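Those protein sequence lines, which keep their order, are chains A and B. For the first sequence, the positions run 5 to 756 when my numbering is used. For the second sequence, the positions run 2 to 157 when my numbering is used.
Calculated directly from the structure, the hints in this document are not laboratory data. The reader is advised that the hints may include incorrect statements.
[What the hints assert, rightly or not] Below, simulated DSS-like cross-link-like pairs (lysine-lysine); rule was C-alpha separation at most 25 Å, straight line:
#1 A:Lys224 to B:Lys157
#2 B:Lys71 to A:Lys216
#3 A:Lys224 to B:Lys6
#4 A:Lys216 to B:Lys12
Only a predicted model underlies this, so the values are computations on that prediction, with no experimental measurement involved.
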Amino acid sequence: MTLVKTTLNRRSFLRAALLAGGGMVLSFSWMAGCKPSGRKALEMPEEWFELNSYIKIGENGVISLSSPNPEFGQNVKTSMPMILAEELDVDWDNVVVEQADFLPDRFKNQFTGGSQAIRSNWTPLRTVGATARQMLILAAAKHWNVPATEITTEPGILLHKASGKQASYGEMASAASQIPIPEEVELKKVSDFKIIGTSKKNVDVKNIVNGKPLFSLDYKTEGMLTAMIVHPPAFGMQLKSIDDSAAITMPGIQSIFTIDTLTGDIDQNFFDATSFTKMAVVVGNSTWEVMQAKKALKIAWEEEPERVFRRSASWMQGSEIIKATFPPGLESTDDHLAKMAEFTKKPGQILRRDGDPEGAFKKASKIIERTYTAPFLAHNTMEPVNCFAHVTAEKAELYGPLQAPEYINATLSQRLGLPKDKIHIKLARMGGGFGLRAYGHHLIEAAVISQQVKAPVKLVYTREDEMTAGLYRPAYSATYRAALDENNQLIAFHVKGGGIPEMPVAPHRFPAGAIDNYLAEGWSITSNITTGIFRAPRSNFMACAEQSFLDELAAEMGKDPIDFRLELLERAKTAPVGENNDYQADRYAGVLRLARDKSNWNETKQGIHRGVSAYFCHNSYVAEVVDLVMKNGTPKVEKVVAAIDCGIVVNKDAAVNMAEGAIVDGIGNALFGEMPFKDGAPQKNNFPSYRMIRANEAPKEIDVHFVGSETDPTGMGEPPFAPVFAAVANALYKATGTRFYNQPFINGLTTG
Amino acid sequence: MATTKLKINGKEHAVDVDPSTPLLWVLRDHLNLVGTKYGCGVASCGACVVHLEGEAVRSCVTKVSRAAGKEVVTIEGLSENGDHPLQQAWEQVDVPQCGYCQSGQIMSAAVLLREIPNPTDEEIDLAMTGNICRCGTYLRIRKAIHLAAEIQNEIK
Ligand code: FES
Ligand code: FES
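Just chain A, same shape as in the assembly (with noise of 0.2 Å):
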């Protein structure tokens, strides 16, 4: 048992009015899952009884949770409110949930990206739940007349065992609204846990299998209209003037015209990052008559100059503002790479070194060097961009895909001249997130234009439009070398890396910390080519090229790669090189053995050609195994096996669910994914051209197992994604003879 202070989450305890909205569809908890015949639908209450921003209790027992953060399939809606439904000790099967709005004052941490909204919130909802117990108990306790610390629950049930006296939660709800906030709450031991480490549907499953709308771009009010952009065609252009008269006379056509959304006097953060901030709109009746007239727009581009804007000094909120700009130029994915080539050889900015790593070069018997690369990558969510917003003189609504609400309230607030509390954002279940949606650019686009036409809008994105606007996986390049002695010990390691624009290397990782002489450099290249967070930033390619490496190195010493790895953790564990290692040795070794055993890797099985690869990121440690199969030329991963340690799981099958969906989206990057730019033009503009992973092309099979653990939750949206492209790398080269150093490697065979 754990006592937290609950001045910790102080906010959370506000209460205020009641929030549902009309039209609102509910999710339930109990609804997945049942056979239509099951069970009956819930009897909502008559009255809900407040007892903080994400707990209210009905008359009947029924409880409500609120699911604080943005949902865009990792399944936050369902496993927040679980942990909840854990402290409060409820029946699951008892519980509705909502989406919370982004409202600041009531609700912590809303954010869901980093794979941090379990993380960052798993003490914060264990204390709001605790804490709503505790006021039930406290009611209890006074309208029966005996000790709080005599009275105990069950689900949804207050029991004083001495004299026999229960209440259900719902008889104690009116009460327990009134009793003033405890200072101080208990928190359940993690082996009594009854709801997390479970399996619990998806609490919006019913709904996504009607149809039902539960996304922005579903959204509709009266009078409502719809609008569409036109960006410039290439990064490093802009707008130079439009010719509308076709287009205005079009059917259903309202108006055309030119906005700017982030003016010279705006400070920006990283979430309101575009490349495109001048286009033109043209706004209409509905979206096929706009997507028409659109086409017909003329619109000459010309060459931007350099563009200087303010912009904070890091994502941080409350950093200084310093002037930042976008070079001028139309870029090419040759001159990129010839560039990266050169920075290459350049000495980097050192990250970081221990021991003589020069001088080991130097006496080194045999240096093994390879340079890897891999291209800007497009999120291609599901959902293109959209976002309704209704901007009036006193207010602004708006609605839409969005994983970091706060960020781009500060923006809005300065473009819109409208205070932060005048801004209301609903939060929309997004149809795929990757990073991509922790921008926010296209909320100011639409608030803008509703601001100008001065009525509700929908801004719609084609594809074409969402894939060409930017905010891409940036491009990278990595070049390592190992120096082994002539007993063929390896005595250096040295890392460079860079990219377009950002430097990728995280120096204080593994293998730092378990080799004597180490050096990690870096450096980065600037670019007009807006580039943002792709699911595990930098680790989408870190992984790949430091798990090829190792397998490279592992046979060039002639040693198994899950030994080898192992070896190096040794000695990270046992005699640490350095001081700053930011991983923890022995989860790292504890994933690579449990994948080791439950691939049975010892075993050979004719034509499965079979990889490995292990990565720390996000807090947390995942090992995969790939079973590759090659047929007519073509590579088929056919299984995968998947150990991960993220602490606790709080929904089981849901964490499987998405460690699955990591797995195959990482093999189809891997295999697949790019975005070539030519003349500042991205070469790639809906999915004929960009090819993604396909069913046909999705492991038969992957298994996920987690060790277990009773450490607080880490991140699971990502970790599993970083580490498989590696794997799929080193089992290419089982399979072909050849390394792969080239991302996607689709391009490394067609080519031979």
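Once you've looked at the hints, dock chain B with the ligands against the given chain A.
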């Protein structure tokens, strides 16, 4: 503009739109049947699949004029009570992540199950390659289609 008569999920509608408007946008914008999704607009992702006279079509490239007078079924009308074997199976297997692609997946699978009551993995993969799931739920989709086949056989 012209009036087009449509029969969707058993109900008659008359819409006043340009006859070349894709069925997708008529469903979403004019009839408020938003379960059918837009993903690519070029017949490449399957998010917009509906049934036209029992066949799976991509409504983003199907002109509304082609649907005139024919039976159209969308995800909202796949079953009366949301209990089509596929919907039950999808719930039991807990297939969706973000959920955006899933109505298209289910509508494609429904035609497969009607044509091949007990499909193999290969038959499923073949029938479902037109439907992208960016969240990577393909394994669960496969599993749910097998389960739906079982449920369908029990009902028969
Ligand atoms: S929207 Fe029709 S196939 Fe993609
Ligand atoms: S569940 Fe997200 S795209 Fe399929």
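Going through the hints against the structure:
1. With a C-alpha separation of about 40 Å, the suggested pairing of lysine 224 of chain A with lysine 157 of chain B is violated against the 25 Å cut-off.
2. Distance restraint check for lysine 71 of chain B and lysine 216 of chain A: the Cα-Cα separation of roughly 24 Å lies within the 25 Å cut-off, and the hinted pair is therefore satisfied.
3. A threshold of 25 Å between alpha carbons decides the hint, and for lysine 224 of chain A with lysine 6 of chain B the separation of about 23 Å falls inside it, so the pair holds.
4. Between lysine 216 of chain A and lysine 12 of chain B, the direct Cα distance comes to roughly 18 Å. Compliance with the 25 Å bound is thereby established for this hinted pair.
The structure shown violates just one earlier hint, number 1.
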